[in-house]
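Dock chains B and C against chain A, hints included.
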Amino acid sequence: MQWMAFEWYFCAMLINAAQLCELLQGELVGNGEEKIYGPSQIDAGLPGTVSFLANPKYEEFAYTTEASVLIVSRDFTPKMPLKPSMIRVNDVYGAMMTLLQQFGQNGRPTPGISEFAVIGEEFEGGKDVAISPFVVIEKGVKLGKDSIVYPHVFIGHGCVIGEGVILYPGVRLYPNTVVGDRCIIHANAVIGSDGFGYKPDEQGHYVKINHVGVVILEDDVEIGANTVIDRGTISVTRIGKGSKIDNLVQIAHNVTIGEHSVIAAQAGIAGSTSVGKWSRIGGQVGIAGHLQLPDKLEIQAQSGVHSGKHAEGARLFGYPAIDYTDYLKSYAVFKQLPEYMKRIEALEKELKALKQTST
Amino acid sequence: MQWMAFEWYFCAMLINAAQLCELLQGELVGNGEEKIYGPSQIDAGLPGTVSFLANPKYEEFAYTTEASVLIVSRDFTPKMPLKPSMIRVNDVYGAMMTLLQQFGQNGRPTPGISEFAVIGEEFEGGKDVAISPFVVIEKGVKLGKDSIVYPHVFIGHGCVIGEGVILYPGVRLYPNTVVGDRCIIHANAVIGSDGFGYKPDEQGHYVKINHVGVVILEDDVEIGANTVIDRGTISVTRIGKGSKIDNLVQIAHNVTIGEHSVIAAQAGIAGSTSVGKWSRIGGQVGIAGHLQLPDKLEIQAQSGVHSGKHAEGARLFGYPAIDYTDYLKSYAVFKQLPEYMKRIEALEKELKALKQTST
Amino acid sequence: MQWMAFEWYFCAMLINAAQLCELLQGELVGNGEEKIYGPSQIDAGLPGTVSFLANPKYEEFAYTTEASVLIVSRDFTPKMPLKPSMIRVNDVYGAMMTLLQQFGQNGRPTPGISEFAVIGEEFEGGKDVAISPFVVIEKGVKLGKDSIVYPHVFIGHGCVIGEGVILYPGVRLYPNTVVGDRCIIHANAVIGSDGFGYKPDEQGHYVKINHVGVVILEDDVEIGANTVIDRGTISVTRIGKGSKIDNLVQIAHNVTIGEHSVIAAQAGIAGSTSVGKWSRIGGQVGIAGHLQLPDKLEIQAQSGVHSGKHAEGARLFGYPAIDYTDYLKSYAVFKQLPEYMKRIEALEKELKALKQTST
Numbered sequence: 008m009q010w011m012a013f014e015w016y017f018c019a020m021l022i023n024a025a026q027l028c029e030l031l032q033g034e035l036v037g038n039g040e041e042k043i044y045g046p047s048q049i050d051a052g053l054p055g056t057v058s059f060l061a062n063p064k065y066e067e068f069a070y071t072t073e074a075s076v077l078i079v080s081r082d083f084t085p086k087m088p089l090k091p092s093m094i095r096v097n098d099v100y101g102a103m104m105t106l107l108q109q110f111g112q113n114g115r116p117t118p119g120i121s122e123f124a125v126i127g128e129e130f131e132g133g134k135d136v137a138i139s140p141f142v143v144i145e146k147g148v149k150l151g152k153d154s155i156v157y158p159h160v161f162i163g164h165g166c167v168i169g170e171g172v173i174l175y176p177g178v179r180l181y182p183n184t185v186v187g188d189r190c191i192i193h194a195n196a197v198i199g200s201d202g203f204g205y206k207p208d209e210q211g212h213y214v215k216i217n218h219v220g221v222v223i224l225e226d227d228v229e230i231g232a233n234t235v236i237d238r239g240t241i242s243v244t245r246i247g248k249g250s251k252i253d254n255l256v257q258i259a260h261n262v263t264i265g266e267h268s269v270i271a272a273q274a275g276i277a278g279s280t281s282v283g284k285w286s287r288i289g290g291q292v293g294i295a296g297h298l299q300l301p302d303k304l305e306i307q308a309q310s311g312v313h314s315g316k317h318a319e320g321a322r323l324f325g326y327p328a329i330d331y332t333d334y335l336k337s338y339a340v341f342k343q344l345p346e347y348m349k350r351i352e353a354l355e356k357e358l359k360a361l362k363q364t365s366t
Numbered sequence: 008m009q010w011m012a013f014e015w016y017f018c019a020m021l022i023n024a025a026q027l028c029e030l031l032q033g034e035l036v037g038n039g040e041e042k043i044y045g046p047s048q049i050d051a052g053l054p055g056t057v058s059f060l061a062n063p064k065y066e067e068f069a070y071t072t073e074a075s076v077l078i079v080s081r082d083f084t085p086k087m088p089l090k091p092s093m094i095r096v097n098d099v100y101g102a103m104m105t106l107l108q109q110f111g112q113n114g115r116p117t118p119g120i121s122e123f124a125v126i127g128e129e130f131e132g133g134k135d136v137a138i139s140p141f142v143v144i145e146k147g148v149k150l151g152k153d154s155i156v157y158p159h160v161f162i163g164h165g166c167v168i169g170e171g172v173i174l175y176p177g178v179r180l181y182p183n184t185v186v187g188d189r190c191i192i193h194a195n196a197v198i199g200s201d202g203f204g205y206k207p208d209e210q211g212h213y214v215k216i217n218h219v220g221v222v223i224l225e226d227d228v229e230i231g232a233n234t235v236i237d238r239g240t241i242s243v244t245r246i247g248k249g250s251k252i253d254n255l256v257q258i259a260h261n262v263t264i265g266e267h268s269v270i271a272a273q274a275g276i277a278g279s280t281s282v283g284k285w286s287r288i289g290g291q292v293g294i295a296g297h298l299q300l301p302d303k304l305e306i307q308a309q310s311g312v313h314s315g316k317h318a319e320g321a322r323l324f325g326y327p328a329i330d331y332t333d334y335l336k337s338y339a340v341f342k343q344l345p346e347y348m349k350r351i352e353a354l355e356k357e358l359k360a361l362k363q364t365s366t
Numbered sequence: 008m009q010w011m012a013f014e015w016y017f018c019a020m021l022i023n024a025a026q027l028c029e030l031l032q033g034e035l036v037g038n039g040e041e042k043i044y045g046p047s048q049i050d051a052g053l054p055g056t057v058s059f060l061a062n063p064k065y066e067e068f069a070y071t072t073e074a075s076v077l078i079v080s081r082d083f084t085p086k087m088p089l090k091p092s093m094i095r096v097n098d099v100y101g102a103m104m105t106l107l108q109q110f111g112q113n114g115r116p117t118p119g120i121s122e123f124a125v126i127g128e129e130f131e132g133g134k135d136v137a138i139s140p141f142v143v144i145e146k147g148v149k150l151g152k153d154s155i156v157y158p159h160v161f162i163g164h165g166c167v168i169g170e171g172v173i174l175y176p177g178v179r180l181y182p183n184t185v186v187g188d189r190c191i192i193h194a195n196a197v198i199g200s201d202g203f204g205y206k207p208d209e210q211g212h213y214v215k216i217n218h219v220g221v222v223i224l225e226d227d228v229e230i231g232a233n234t235v236i237d238r239g240t241i242s243v244t245r246i247g248k249g250s251k252i253d254n255l256v257q258i259a260h261n262v263t264i265g266e267h268s269v270i271a272a273q274a275g276i277a278g279s280t281s282v283g284k285w286s287r288i289g290g291q292v293g294i295a296g297h298l299q300l301p302d303k304l305e306i307q308a309q310s311g312v313h314s315g316k317h318a319e320g321a322r323l324f325g326y327p328a329i330d331y332t333d334y335l336k337s338y339a340v341f342k343q344l345p346e347y348m349k350r351i352e353a354l355e356k357e358l359k360a361l362k363q364t365s366t
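Line by line, the protein sequences are chains A, B and C.
Under our numbering, think of the first position of the first sequence as 8, with each following residue one higher.
Under our numbering, think of the first position of the second sequence as 8, with each following residue one higher.
Under our numbering, think of the first position of the third sequence as 8, with each following residue one higher.
Think of the hints as simulated: they come from the structure by calculation, not from any bench.
The structure displayed is predicted, hence computed values, not measured ones.
Everything hinted at is true.
Since copy identity is lost for identical chains, a pair holds within one copy or between any two.
Here are the simulated DSSO-like cross-link-like pairs (lysine-lysine), alpha carbons at most 27 Å apart as the crow flies: (1) Lys206 / Lys303; (2) Lys134 / Lys149; (3) Lys342 / Lys303; (4) Lys64 / Lys206; (5) Lys349 / Lys359; (6) Lys134 / Lys152; (7) Lys362 / Lys349; (8) Lys90 / Lys64; (9) Lys336 / Lys349; (10) Lys316 / Lys336; (11) Lys215 / Lys134; (12) Lys64 / Lys215; (13) Lys64 / Lys316; (14) Lys303 / Lys284; (15) Lys248 / Lys215; (16) Lys215 / Lys149; (17) Lys64 / Lys336; (18) Lys284 / Lys64; (19) Lys206 / Lys284; (20) Lys215 / Lys303; (21) Lys215 / Lys152; (22) Lys248 / Lys134; (23) Lys146 / Lys134; (24) Lys342 / Lys356; (25) Lys206 / Lys248; (26) Lys215 / Lys284; (27) Lys86 / Lys64.
The following block holds chain A by itself, in its conformation from the complex (with noise of 0.2 Å):
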């Protein structure tokens, strides 16, 4: 199979330099006519295309690269020529963004409601919801107004879902899960599952607990695919307003995320833990459970939080983690442990003789 050229698949837009600068609101240097069709990575750019020197640790690859048009900062004064057309900006990722805004209108399911869905009995939808093909939608939903809803997703009985939300492939939402607006959950991921709940009997069989509980996302929350989050046992597991969710994570009963907060893909967070506002938890990240941590920390990837007792906008580190630089410390005589191991038993056996010299 050969891989088509990269402008396969960016095929949405033709407008030149200038109007580019134009609509970026930049200052041109250079040829205003070079013709632009698409966004390029900066170390993977080919003419015809345009890319971004927004990281000053790619500055190298600006006079390399073979797009035919760079955006870059006002104060970006270049070592050497450069071959592509300068847009001056004040705000480089900004700039990126308003047109990755304009290229990524890639086409979305149209409102209306599949022949091929199956939804249940008194189903409340908004205005121009889109509901796609083998969608089945349980009883007493309610759907707000531009939401959409792609092929193969599952919403359990009693569920609300606020407005302007996107619902992607195969999410499962279980029942009574509350989705607010905007919202976005990527595919395959799971809201509202059981919690990891059990009792042992006389004979020390785990008997399961009931979760009654329920799940709910504030306004602005982004989930992404094949991440869990269970359900409350007899109350609710929340995540704040505008926080976001990469994939693969795991969010156990009762957990309370804060608003405004980031955790990063594989990171887990035990039952009833409760992660303050403004934090940034890593990638594999693990929290323990029934903790109540402070707003604005920030937890190094792969960490193992036990302890609530941090404070306000602490960074972490370590297993159980510990604050970050102390960690990298302590680390850094890990490396040299056994060179340390050494140095003691030169040490004992240089006082052994000194003592027995000078006794």
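Positioned in the frame of chain A, the structure of chains B and C alone reads:
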């Protein structure tokens, strides 16, 4: 979007405190006329709900909760006046489970086979099975009585499924998977996928090893959402009776899990390892392949088990995992390593000085 | 429920030992009339099955297995009498794979397009494609000949899929994903979901960065169940030819995986990192973003790779990852840290005493 009141999702029950007390065979202290429409958590109790004081850690909330009724242990003596009526019971957890059972009948698919399901030849379905829309069942499948198959489930040919089983939406059973009685498999779990086995050819290219074994889930097993259990290479991957597996867990080919073990979220067990009975495996634990582990191991979250040489009932921690207490002791020193390093350097200096003095 | 006998799930083949020997071009020692109906593991062999002694570690089972035929290496000399007939071959693994190939034809969807599939405009399907019930294919998709699409698969618009591909149930391909020839994607894997990228606005609220890049899986790639691969931000997330990725793995946006690499379950690779060719990445490994890793790295399970400064072929372990042997040496001391601490304290005491003596 306005968050609906707590009451919204618990509307199944309306009894008063005296009736509740009778149901739980407890002893009432306070007003028997209090109306109860649902349960709540003690730290988030609202008027009209019943809360539980099961864990002494939460006692402080007993004095502040807004719940109308509080279920407590018979030996609980409040340190200050309580607002809710109390019901004293022998076993608070037991009472909680009785109640959750009552509240938890959230509605399930009713028996019957959807006209929108595709069912292969030689299907044998027991009495009162429920098969939902958009289910696909391949040839020669057996499904025991009272089992529930939610929408979008795929059951490969030759699968044998017991009685009273629940397969939540999007569960995938590869061919010839065996599921015991009363098993519960949560949404999007995959059972019976190929093991991760390849053999390099002469050019070092990986050639797939065909996996023709199966997965057997014995009776009373529960599998979490998005968990994956690979089939045996030529034999069986087996989950023992009564074992419970959380979300996003990886069980590789040829693994055996003993009876009545629990495995928390995101743990992974590599190929051909055997986990004993009554084991407790924490979240994000990794266990290497080809180990024979003893019964009743307790493995702390995120540990990495590289060896099978542990005593029955051992408690493990670390990476690679060692005795739990030993790990914590070593880690306590680890945190002070920069200081110890300085002490070693100080010793070296002092000793050097002393040697110069004494010579 | 009674567990069906081993025979239940292997009924495809009935030959005798002599025929088997001829098939494998081996040398028979023992009874050629032994009837074989399927394979078994050496430690779980039953009469009527053929087992393999491929790994010398399992030699003990050769003397106790109930299997009727045992395939061994030509240079294997039993230390005591064997019950099964032996077939000596040059390459035991090769023989095993030949057999598994024979046994493994478990039945797959036959070519044809289900009347219960929904297929968009401008679809181009090659000869003998199989498209199962409840599949949804959006506009403008190409699907190469002999490819199999299992039930509940979603293929977004503009996807280009090669020849001889297998998409297992519930696979989700976001728009414009490219899948090379002979790729296998296991159940519920998600390819092409949005990367985890946001830009804080003035209030610190996270604003979604639109992801318009794609994912390209080159030829002969296999992707495990419930694995997620995010699309590039504006460019490509690429999995190199012949690479194999296990279950529940996270591959973030803009990542490149070189050819012929293997990534075990639950590993995660952060955004924009490039993994070399012929790499071997263990389970639950985490790799930080924006790293350029050399070829042939071997990363031990659960390690955390924070730097790209490693030699080609390096073997890594630890968190952050260092040389494998160095980590083990340091960890050996770590386990004895409390003792070393005491030795430091003893040294301090002795030195103090000695100083007092010598002054």
